[in-house]
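Undergrad: Here are the chains, one letter per residue:
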Amino acid sequence: MTGDMATFDVRQLGPASIVDIRGDVTSGSEDVLMSAYDAAGDAKSIVLNFSELSYMNSGGIGLLVTLLVRANRHSQQLMAFGLSEHYRQIFELTRLDEAVGIHDSEQAALRAAGAG
Amino acid sequence: MSDQQDNMGQRADALTDDTATPRDATNWAKAVSRLNVSEVPAGAINLNVTGKRLTSPIQGFGKMWQKTYQVRLPQERVSATDLIATWKQRFPDFWPEGNRFYAPLTGIEPGEVALLNMTLPGRMKLSTGVMVLYADEESFTLMTPQGHMFAGWITFSATEKDGETVAQAQVLMRASDPIFELGLTMGGHRQEDRFWNHTMRQVAAHFGEVAEVDTQVVCVDKRRQWSKWSNVWHSSAIRSTIYMFGAPVRAVRSRLGGKKSA
Numbered sequence: 001m002t003g004d005m006a007t008f009d010v011r012q013l014g015p016a017s018i019v020d021i022r023g024d025v026t027s028g029s030e031d032v033l034m035s036a037y038d039a040a041g042d043a044k045s046i047v048l049n050f051s052e053l054s055y056m057n058s059g060g061i062g063l064l065v066t067l068l069v070r071a072n073r074h075s076q077q078l079m080a081f082g083l084s085e086h087y088r089q090i091f092e093l094t095r096l097d098e099a100v101g102i103h104d105s106e107q108a109a110l111r112a113a114g115a116g
Numbered sequence: 117m118s119d120q121q122d123n124m125g126q127r128a129d130a131l132t133d134d135t136a137t138p139r140d141a142t143n144w145a146k147a148v149s150r151l152n153v154s155e156v157p158a159g160a161i162n163l164n165v166t167g168k169r170l171t172s173p174i175q176g177f178g179k180m181w182q183k184t185y186q187v188r189l190p191q192e193r194v195s196a197t198d199l200i201a202t203w204k205q206r207f208p209d210f211w212p213e214g215n216r217f218y219a220p221l222t223g224i225e226p227g228e229v230a231l232l233n234m235t236l237p238g239r240m241k242l243s244t245g246v247m248v249l250y251a252d253e254e255s256f257t258l259m260t261p262q263g264h265m266f267a268g269w270i271t272f273s274a275t276e277k278d279g280e281t282v283a284q285a286q287v288l289m290r291a292s293d294p295i296f297e298l299g300l301t302m303g304g305h306r307q308e309d310r311f312w313n314h315t316m317r318q319v320a321a322h323f324g325e326v327a328e329v330d331t332q333v334v335c336v337d338k339r340r341q342w343s344k345w346s347n348v349w350h351s352s353a354i355r356s357t358i359y360m361f362g363a364p365v366r367a368v369r370s371r372l373g374g375k376k377s378a
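As you go down the protein sequences, you meet chains A and B in turn.
Positions 1 to 116 (our numbering) are the ones given, in order, by the first sequence.
Positions 117 to 378 (our numbering) are the ones given, in order, by the second sequence.
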């Protein structure tokens, strides 16, 4: 399964950092995702934007679990928006939705993060 | 469930249909609320699987571990896709003796449920299962249900690099409950390492290679999730033991039932 390597661009919006995800998220995305997390700094909430996600395998889901652990360790909230129905189902299946706040839009996520 | 799914045997109940068609749509299992085993292979014990929910590392109790086991094979011997195809097809053959993986009748496909009958130290028998969470040509992932020793998943994959095919098993998990966590600290980790080392060597041996297994263990989260202590209610170890001790009673009941009907 080859495709576009993922990119993770970080935007700071008050107490939240938004990570815009583009391309394919696999276990090979670890270094770029963790660099993005470091770039997000001490934000109170890390908001993942999945609108431009084109592919994710189980290795990618594993990375999100690892990211969640890091965020929890720093008392940061992890949130997501822009998930298609397909990826929402994967979050439910893997029960990531129980630990990651899922929102319909960036505005909704930012409101929940206290940055709206 | 559709007729086609009915025919597929041990498939988890699908809740919803996909409307979008992303590239990975067919690689993932459909969302399920609880596992269902519709056909039990001969000799298998179907215990601690039906009706159980899947558990990710988020729902587990113990420290979170990522364990990676790799063997390297010459690429001219086997390609990554051929290795994964073989691994899927012969998955149970590579396991250590005394442990049975009852593969789904339709093979390792997303959403299929497999039954596991394991032998633990002290000759204790443990019955549980796994669901195929994800499968493509180069990898497949098995996810555990409530009561399994571990909450999490294990991904089997193969990649080609520098003339070699690297076969890998990677576990991301927490011990499900305090008893399994104790077991892990008292030799369980060593036993698990031996289990997967054996499996990886068997995979290599299948392709005519005597390979060294490269093992990497990372503690992703040192904290235990004490709020999950009650997972012990589902413990497959406890429930399998109770089931084992109940065998004589079931045998007597079965004989009495047989006499009555005669």
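Simulated from the structure, these hints should not be mistaken for laboratory data.
There could be a bad hint or two in this list.
Unchecked claim - Simulated DEER-style distance windows between Cβ atoms:
# : chain 1 : residue 1 : chain 2 : residue 2 : range
1 : B       : 277       : A       : 111       : 21 to 27 Å
2 : B       : 309       : A       : 5         : 28 to 34 Å
3 : B       : 305       : A       : 15        : 19 to 25 Å
4 : A       : 104       : B       : 328       : 31 to 37 Å
Unchecked claim - No farther apart than 16 Å at their CA atoms in a straight line, the calculated lysine to aspartate or glutamate pairs in the EDC-like style are these:
#  : chain 1 : residue 1 : chain 2 : residue 2
5  : B       : 277       : B       : 192
6  : B       : 146       : A       : 104
7  : B       : 277       : B       : 254
8  : B       : 146       : B       : 308
9  : B       : 344       : B       : 297
10 : B       : 183       : B       : 278
11 : B       : 344       : A       : 106
12 : B       : 146       : A       : 85
13 : B       : 204       : B       : 225
We treat Cβ as the ideally placed atom computed from N, Cα and C, and that holds for glycine.
Undergrad: Compare the structure with each hint and give your call.
TA: These are the hints, each one checked on the structure:
no. : hint                      : in the structure
1   : B:277 / A:111: 21 to 27 Å : violated (45 Å)
2   : B:309 / A:5: 28 to 34 Å   : holds (32 Å)
3   : B:305 / A:15: 19 to 25 Å  : violated (40 Å)
4   : A:104 / B:328: 31 to 37 Å : violated (50 Å)
5   : B:277 / B:192             : holds (12 Å)
6   : B:146 / A:104             : violated (21 Å)
7   : B:277 / B:254             : holds (13 Å)
8   : B:146 / B:308             : violated (29 Å)
9   : B:344 / B:297             : holds (12 Å)
10  : B:183 / B:278             : violated (23 Å)
11  : B:344 / A:106             : violated (32 Å)
12  : B:146 / A:85              : holds (12 Å)
13  : B:204 / B:225             : holds (9 Å)
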